[in-house]
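Visitor: This is what each chain is made of:
Protein chains: 2
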Amino acid sequence: MKTIALLGATGSIGESALTVIRNQKEKFTVTGLSGYSNEALLTRQIAEFRPSHVAVSTKEIRDRLRETFPFLHLYYGENALTELAEAAPYDILLTAVSGAVGIGATVAGIQREKRIALANKETMVAAGEYINGLLSRHPGAEILPVDSEHSAIFQSLSGGAKDEVQRILLTASGGTFRGKKRKDLENITIDEALTHPTWKMGKKITVDSSTLVNKGLEVIEARHLFQIPYEKIKVLIHPESIVHSMVEYRDRCVIAQLGNHDMKLPIQYALTYPQRLANPIFEGLDFVKLKALTFEEPDRETFRGLDLAYEAGRLGGTMPAVMNAANEVAVSLFLRRKISFLAIYDIIEKAMARHSPQEASDLGTILMADKETRAWVNKTYEN
Amino acid sequence: MKTIALLGATGSIGESALTVIRNQKEKFTVTGLSGYSNEALLTRQIAEFRPSHVAVSTKEIRDRLRETFPFLHLYYGENALTELAEAAPYDILLTAVSGAVGIGATVAGIQREKRIALANKETMVAAGEYINGLLSRHPGAEILPVDSEHSAIFQSLSGGAKDEVQRILLTASGGTFRGKKRKDLENITIDEALTHPTWKMGKKITVDSSTLVNKGLEVIEARHLFQIPYEKIKVLIHPESIVHSMVEYRDRCVIAQLGNHDMKLPIQYALTYPQRLANPIFEGLDFVKLKALTFEEPDRETFRGLDLAYEAGRLGGTMPAVMNAANEVAVSLFLRRKISFLAIYDIIEKAMARHSPQEASDLGTILMADKETRAWVNKTYEN
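These protein sequence lines are chains A and B, in that order. At position 304 of the first sequence (counting the first as 1) the number is 307 in this note's numbering, and the numbers step up by one without a gap. At position 382 of the second sequence (counting the first as 1) the number is 385 in this note's numbering, and the numbers step up by one without a gap.
One or more hints might be untrue.
The list treats identical chains as interchangeable, and a pair is accepted whether it falls inside one copy or across any two copies.
In silico SDA-like cross-links for lysine to any residue, where the CA-CA straight-line distance does not exceed 25 angstroms [as the list claims (entries may be wrong)]:
| no. | residue 1 | residue 2 |
| --- | --- | --- |
| 1 | K237 | D289 |
| 2 | K186 | K267 |
| 3 | K267 | M204 |
| 4 | K294 | G182 |
| 5 | K294 | I245 |
| 6 | K294 | S55 |
| 7 | K237 | F285 |
| 8 | K30 | N381 |
| 9 | K341 | T383 |
| 10 | K235 | D187 |
| 11 | K235 | S176 |
| 12 | K374 | I208 |
| 13 | K207 | R67 |
| 14 | K267 | S343 |
| 15 | K62 | E243 |
| 16 | K237 | A295 |
| 17 | K183 | A295 |
| 18 | K165 | D289 |
| 19 | K165 | S359 |
| 20 | K165 | Q278 |
| 21 | K30 | M371 |
| 22 | K267 | P92 |
| 23 | K28 | M371 |
| 24 | K30 | Q169 |
| 25 | K294 | R253 |
| 26 | K207 | R25 |
| 27 | K294 | L239 |
| 28 | K62 | L75 |
| 29 | K267 | E18 |
Worth flagging that the hints you see were computed from the coordinates, not collected in a lab.
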């Protein structure tokens, strides 16, 4: 029996994780949960999974939960996730929160030499260099990717040794606007940007998918998760999203991981690795019913998110944190109708141009770059 | 530096193997070679690779080679391959001969606890149960598959444990006549049967590919190579032959191996495993130029080769040897215009119907069933 602390339980990944756990009752117990604004759902989750430790956003929610569940260890506020990650008992910390707020909790989990099932992009994007330094000092800790692409790469890497990798082939659906050109994107509406062709996801990540910023961030993440240089990471558009990613080895054999569009598969794998468990709710891929699988080059000129990320990654230090922060605020401005779709790229570009990257050797420096960028974007474009 | 004895050097796989070795000179030396009828090519190969041991078909060839290469250890006749496999120094025995004649050599290699790079289908089809018994008594020996499909399965199996395998998905191009119905196949000519859509291969295997007997034999081979029951081996038609096979695990993740249509890749992998080596003559798969990848159910009614093989495999004992022998003679009769294309199935079926399978616990019993079947098919249909 493994114990799990799940941060971001009320989000899309969090709910999928609880569905996995609900169907593997003999294997997993939930000891920690966190939720941000969906108090009703979090309350139901606490009632069902009976964790001992729970983190919430505000004192008000904390107080109400205390009434319902008097024996809970409760945390609230800015450091609640980190405090829970430091105090709760768990074998696996599943960080499914989005935003830089997830980094501190991951750090706490690494310091306690736990397994981190990582579904928080920011951790490896903004703090990848720092996290890898930390991991090398805590050999009992390990990070398992939850994201379907990184899980696929992780799984495909078992086909050979690290120094035998020729290229990582990171697949991308291409997003809603695949095939469109820059001028077609000038007047994109929010509703148009929120329709993803294959995966059902949250708003922020659906927009990131349509700008290819998401794929760019995944490139940075892959760089740090697998310690593979950028020139060996290639993005390939694969609209059917069945091949979740591939690894080409130097003997030109390619190992790929395929599966249905179901986040529950990589979530469970990150929890059960190195084992693979049957799960009654998982469906096999029906190859006969599948659409033909196709692959294309990404249109890097139209979807500049990819090259901006490669550039941020190569510059390194605090630059990926700045790129990520600028994008996060820009997408939020777009979703609030403050800026156009294409302005997302311009904002990222300008935020990067005005930033001189510093070494990302401590969390304070990274979070400062993140915060400063957010403030600048908000101040400059919110009006 | 590893030493290699290559049986069947003048065939298609043999030549590819020598091309691999020629480009990995620091890694491999050829110590043994065998050829059947192409004396000129074998002579050139001996001159280039300088093996110490060579096996040939006839005394005449032996005598001529002795003149040219006086210091060679030479073998000829029915047992020449086995004698070479028993006497030559080698780390790896690559058996690329076709027919039951390859079994004895493999047995010798296993008894000497060597690595067998196996490109001889008959070994695992006709003698799989026997070979597995032998392997369990010789733990230093190992069989590495050379066939592209089995190599792909072998590579994909590194993604999980044996008891976590849900299904092996063995892909098949579907052969020349994919999409045709039984009545379309009544008057197939030899030339029509010898045009394979994706792989360039010898005549026998091209016909076997068009009847799906080849794929059926591969099912039996996979059963014994990987010790996976028949109900877990599924054949999937994949006309583009890019996904060389896949393994579905019980958590519904699928691991696949992909690559160009180049036998040199799996040949090299069988030689270098567990390492993967770069090779200047290997080309990477260009996913962008690739045709769309598609998958279909095989048409088992028209292409009865598949079900005949499953039946032979499930009956077990000497039955797969009989099925294989009947097919081999039937294809040879078809290539000599003695029988029609569809008669290949009838001959296999009749040969199986008249045979009572015996336990395949020794090579003598297996070879007797093989010999008896060949004699019966020849006697009955050669006229």
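Visitor: With reference to the structure, classify each hint as holding or not holding.
Guide: Cross-check of the supplied hints:
no., hint, result
1, K237 - D289, "between (27 angstroms within a copy, 12 angstroms between copies)"
2, K186 - K267, "neither (37 angstroms within a copy, 47 angstroms between copies)"
3, K267 - M204, "within (13 angstroms within a copy, 43 angstroms between copies)"
4, K294 - G182, "both (18 angstroms within a copy, 18 angstroms between copies)"
5, K294 - I245, "both (9 angstroms within a copy, 16 angstroms between copies)"
6, K294 - S55, "neither (46 angstroms within a copy, 54 angstroms between copies)"
7, K237 - F285, "between (30 angstroms within a copy, 19 angstroms between copies)"
8, K30 - N381, "neither (45 angstroms within a copy, 60 angstroms between copies)"
9, K341 - T383, "within (11 angstroms within a copy, 85 angstroms between copies)"
10, K235 - D187, "neither (32 angstroms within a copy, 49 angstroms between copies)"
11, K235 - S176, "within (20 angstroms within a copy, 31 angstroms between copies)"
12, K374 - I208, "within (20 angstroms within a copy, 66 angstroms between copies)"
13, K207 - R67, "neither (29 angstroms within a copy, 77 angstroms between copies)"
14, K267 - S343, "neither (34 angstroms within a copy, 52 angstroms between copies)"
15, K62 - E243, "neither (44 angstroms within a copy, 60 angstroms between copies)"
16, K237 - A295, "both (22 angstroms within a copy, 19 angstroms between copies)"
17, K183 - A295, "both (21 angstroms within a copy, 21 angstroms between copies)"
18, K165 - D289, "between (31 angstroms within a copy, 22 angstroms between copies)"
19, K165 - S359, "neither (32 angstroms within a copy, 52 angstroms between copies)"
20, K165 - Q278, "both (21 angstroms within a copy, 11 angstroms between copies)"
21, K30 - M371, "neither (40 angstroms within a copy, 53 angstroms between copies)"
22, K267 - P92, "within (24 angstroms within a copy, 52 angstroms between copies)"
23, K28 - M371, "neither (41 angstroms within a copy, 55 angstroms between copies)"
24, K30 - Q169, "between (37 angstroms within a copy, 20 angstroms between copies)"
25, K294 - R253, "between (30 angstroms within a copy, 23 angstroms between copies)"
26, K207 - R25, "neither (27 angstroms within a copy, 54 angstroms between copies)"
27, K294 - L239, "both (18 angstroms within a copy, 15 angstroms between copies)"
28, K62 - L75, "within (14 angstroms within a copy, 88 angstroms between copies)"
29, K267 - E18, "within (9 angstroms within a copy, 47 angstroms between copies)"
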